[in-house]
Amino acid sequence: MKRKTKFDLWSIVGLLILGLYGLFLIFPMGNLLKQAVIDKDSGAFTLSYFVRFFSKPYYFNTLLNSFKVTIAVTFLTLIVGTPLAYIFARYEIKGKPLLRILIILSSMSAPFVSAYSWILLLGRNGVITNMFKNSLGIVLPDIYGFAGILIVLTLQLYPLIFLYVSGALQNVDNSLLEASENLGTAGVKRFFKVLIPIIAPTLFAGGLLVFMRALADFGTPMLIGEGYRTFPVTIYNEFISEMGGDDGFAAAISVIAILITTIIFLAQQYVSSRKTFSMNAMKKIHPKKAVGLKNVLIHVFSYLLIGLSIMPQVYVIYTSFKNVEGLTFAPGHSLNNYVAAFTKVGSAIQNTLLIPAISLVIVVFLSVLLAYISVRRSGVVAKILDSISMIPYIMPGSVIGITLLIAFNKPPVVLSGTLAIMVIGLVIRRMPYTIRSTAAILQQIPMSIEEAALSLGSSKAKAFYKVTIPMLAPGIISGAILSWITMISELATAILLYTARTRTLTVEIYTQIIRGNYGIAAALATILTILTTLSLLLFNYLSKDQDIAM
Amino acid sequence: MSVNITINDAVKKFGDTTVISNLSLEIYDKELFTLLGPSGCGKTTLLRMIAGFNSIEGGDFYFNDKRINDIDVSVRNIGMVFQNYAIFPHLTVRQNVEFGLHNRKYSKEEITSEADKFLKLMQIYDFRDRKPELLSGGQQQRVALARALVIKPDVLLMDEPLSNLDAKLRLEMRQVIREIQKEVGITTVYVTHDQEEAMAISDRIAVMNGGVIQQVGEPKQIYHRPKNQFVATFIGRTNFLPAIYKHAERMLYLGDYQIPAKNLVLEEDANVLLSIRPENFFHSEQETNLKGILRDSYFLGLNSHQIIEIKHNQQMVEVIHESSLDESLAMGEEISLTVNSAKLNVFSEDGSRNLLKEETQS
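Those protein sequence lines, which keep their order, are chains A and B.
Sequential numbering from 1 applies to the first sequence in our numbering.
Sequential numbering from 551 applies to the second sequence in our numbering.
If you're looking for bench data, these hints aren't it; they were derived computationally from the structure.
Careful, some of the hints might be misleading.
Some, not all, of what chain A presents toward chain B, calculated at C-beta under 7 Å [as the list claims (entries may be wrong)]:
no., residue
1, Asp173
2, Ile445
3, Ser448
4, Ser459
5, Ala461
By construction, the Cβ of each residue, glycine as well, lies at the ideal position given by its N, Cα and C atoms.
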């Protein structure tokens with residue numbers, strides 16, 4: 001229940017945060033729009049940038065390419081992730097807890113690292129490619145382009161579907177399955193006739209998330225796409241090549257990107273709003289042992305899928321110990337790469353810890369306040385904040401980077417090249433997720449708990465930090481660790497905002513891969529993987545049986 | 551400390567909907583006063599206005615002579631017990647009880663000794679270092695009560711405090727609440743939708759419906775002399791039968807059955823509505839003019855219930871009498887009935903008011 005809004009401490013907090021959004025999101029977006037429609041030389045209104053984009057196949061095709069590959073990825077992840085979640089919920093699988101961690105781990109790494117690893121494995125000079133060619137005389141199909149992006153992103157993103165569907169299956173009462181069996185619908189038919197319709201809203205939500213991530217991903221198509229250019233790559237190229245000159249075109253492409261994601265977001269909201277129903281399982285689906293061929297098949301499917309998705313990371317770790325001569329791998333193993341990495345990286349590791357750490361503090365602080373305002377308050381400011389804070393959810397990371405750069409590379413506020421702008425970029429990107437997860441926990445806490453504190457003589461501020469915060473704390477902490485993991489492996493925004501002083505591990509890995517320093521890249525990627533794994537284990541330890549929410 | 555609560559012309563609006571309009575009420579010092587009504591009648595809304603959780607759109611609320619409309623919840627000095635107890639789950643039982651004391655000027659020693667006193671009073675001293683999740687519903691309720699009372703509030707407000715407990719515990723806690731309230735001697739406003747609970751616990755009851763107070767009175771008064779048809783239905787069970795009043799004879803006619811009625815406010819003949827509670831019908835050995843046919847009966851141990859079709863207008867009525875060893879009436883059998891005229895209530899035809907003279911109503 002929302003309290004009648006009076007002007008109080010919370011109103012001031014709301015207005016302050018609104019001011020921050022105004023400065024760091026609305027002002028830059030307005031600026032972006034202005035750049036996109038104003039001719040820089042004459043200062044007149046123009047749509048020439050948009051005309052250029054849509055009239056030249058060179059640009060327009062990147063949009064089509066993005067759509068093709070993104071839709072394909074979304075469907076594939078649903079096709080792979082849903083059955084896996086179902087198998088995990090319904091049947092006993094050997095080593096399930098470990099498999100779960102591997103699934104999550106494979107989704108938590110930076111996608112471009114996987115892309116790079118797949119190139120090492122299946123590229124023109126890849127280990128597997130060469131093995132087939134040399135020993136069997138078979139020439140494997142090319143992994144570059146559409147197929148490569150599809151493989152990398154599917155294996156990277158199906159865990160999202162897996163987690164979403166697993167969560168939904170938790171709420172499906174076992175008696176529903178028994179009832180359908182009792183009525184004569186069992187097995188595969190039941191899966192499609194009963195289970196899929198029940199979890200449809202979840203599939204839509206998960207599908208949207210995969211779609212947004214795949215559409216916005218920059219590193220993968222950049223490395224493995226080669227001639228197959230996608231939208232984020234174009235945005236980046238246009239912006240980088242035109243830096244210091246006319247960035248109106250990059251702004252126009254960014255505006256198009258935001259429009260597209262907005263349409264998709266609204267469409268998803270519309271479809272799923274007509275399909276939602278709430279469920280709560282009294283008797284959860286309990287995994288049972290499968291027998292015979294079925295048992296073999298589900299094990300093969302699970303192990304194969306998870307094995308494939310974790311393989312790139314394992315291979316990267318392996319190559320990090322290989323000797324390197326010039327730009328190629330040489331026989332023998334050593335820690336040379338690590339030595340080279342540590343002498344070369346400078347402050348990258350430090351930055352990778354420092355920038356996300358600062359961002360995380362800000363994200364958590366602001367998100368808790370915003371979630372509180374969104375759940376407990378009514379009124380205009382609360383409504384505006386609710387909408388504004390979700391805008392970054394549909395903005396691709398590279399677009400956020402460009403938006404910030406265009407706004408803050410000239411007076412009145414100059415932030416480009418600073419650590420601050422990288423923090424702002426990360427904060428804006430991560431806020432929607434943290435607000436959502438915090439708001440979800442807050443909705444579980446009855447209003448009367450706070451009212452009890454008020455009736456016992458606490459002020460509103462005191463009730464908030466003495467009662468609400470401690471009750472939210474466990475959820476906030478596990479949410480923060482997830483945010484942390486996404487932030488340390490973030491590339492799309494960082495690649496636009498970094499300077500020599502603020503380069504992060506992901507930027508460094510990316511640069512080393514581009515330069516062909518595979519050894520150093522592998523060593524750094526391994527360090528990143530270790531950081532991620534440790535964070536994930538900490539999350540598992542702290543949140544016990546809580547589900548991971550993206 | 552003695553506190554009267556006075557409410558004058560209270561108005562509550564949610565947006566454009568008026569939920570309570572011009573409600574006035576006087577709650578006396580140290581009494582246990584219950585707001586009773588069906589869900590959505592405005593009882594909890596009114597309670598939350600007294601507590602300060604709901605804004606007040608009109609009227610005045612007083613604790614004695616102090617107008618509390620604009621006093622913040624945290625300094626209104628109320629003790630509140632919530633429907634879901636609202637125990638702080640991250641604090642121990644003792645920390646819960648001490649929570650309010652920390653917001654007041656108490657020394658460490660005073661806090662401990664005051665908390666101890668109420669922990670013992672509520673018989674939860676043994677659980678003082680446990681986390682609330684390890685307590686049963688009844689124990690949590692005791693924590694909530696101790697926490698509300700330890701701050702020595704001016705008034706105690708309770709919002710359906712027993713509705714989350716199972717039937718047996720509900721009876722037990724009902725007794726606990728009543729005893730503690732008398733012992734501490736605090737003006738208490740209690741909200742419930744359960745009429746039996748209200749009767750058992752209250753000094754006085756206000757029956758509410760549609761944001762309007764229908765009747766205020768002691769439990770006995772409300773049961774025996776309901777002010778209108780709604781109160782008669784909501785409190786206990788009753789049968790409504792249309793009848794005719796003949797002023798010349800001072801007589802009520804239920805078909806051909808006559809009931810003397812000397813104390814009605816009516817000055818002329820009128821159609822009226824009789825409210826006869828199931829226990830106020832009697833079987834008669836002699837033939838009477840009130841005949842019915844037994845349609846159904848069920849045995850509930852202490853009492854037997856019978857559904858009887860009144861012959862002259864085919865209306866079904868419920869009749870309760872103490873069960874006996876040999877209940878031999880057969881279905882469809884004709885029965886002669888009499889009515890306990892002393893406990894009878896006569897309403898206007900639309901059920902809006904009780905036609906008994908005031909003096910007989912109290």
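Taking the hints in turn, this is what the structure says about them:
Hint status for A/Asp173: violated, given a least beta-carbon distance of 24 Å to chain B, over 7 Å. About 9 Å separates the beta-carbon of A/Ile445 from the nearest beta-carbon of chain B, more than 7 Å, and the hint is not met. Interface restraint check for A/Ser448: the shortest CB-CB distance to chain B comes to about 4 Å, inside 7 Å, so the restraint holds. The interface hint given for A/Ser459 is met, as the beta carbon of that residue sits about 6 Å from the closest beta carbon of chain B, less than 7 Å.
Here the hint on A/Ala461 is broken, as its CB sits about 11 Å from the closest CB of chain B, past 7 Å.
Comparing the model with each numbered hint stated earlier shows that hints 1, 2, 5 do not hold.
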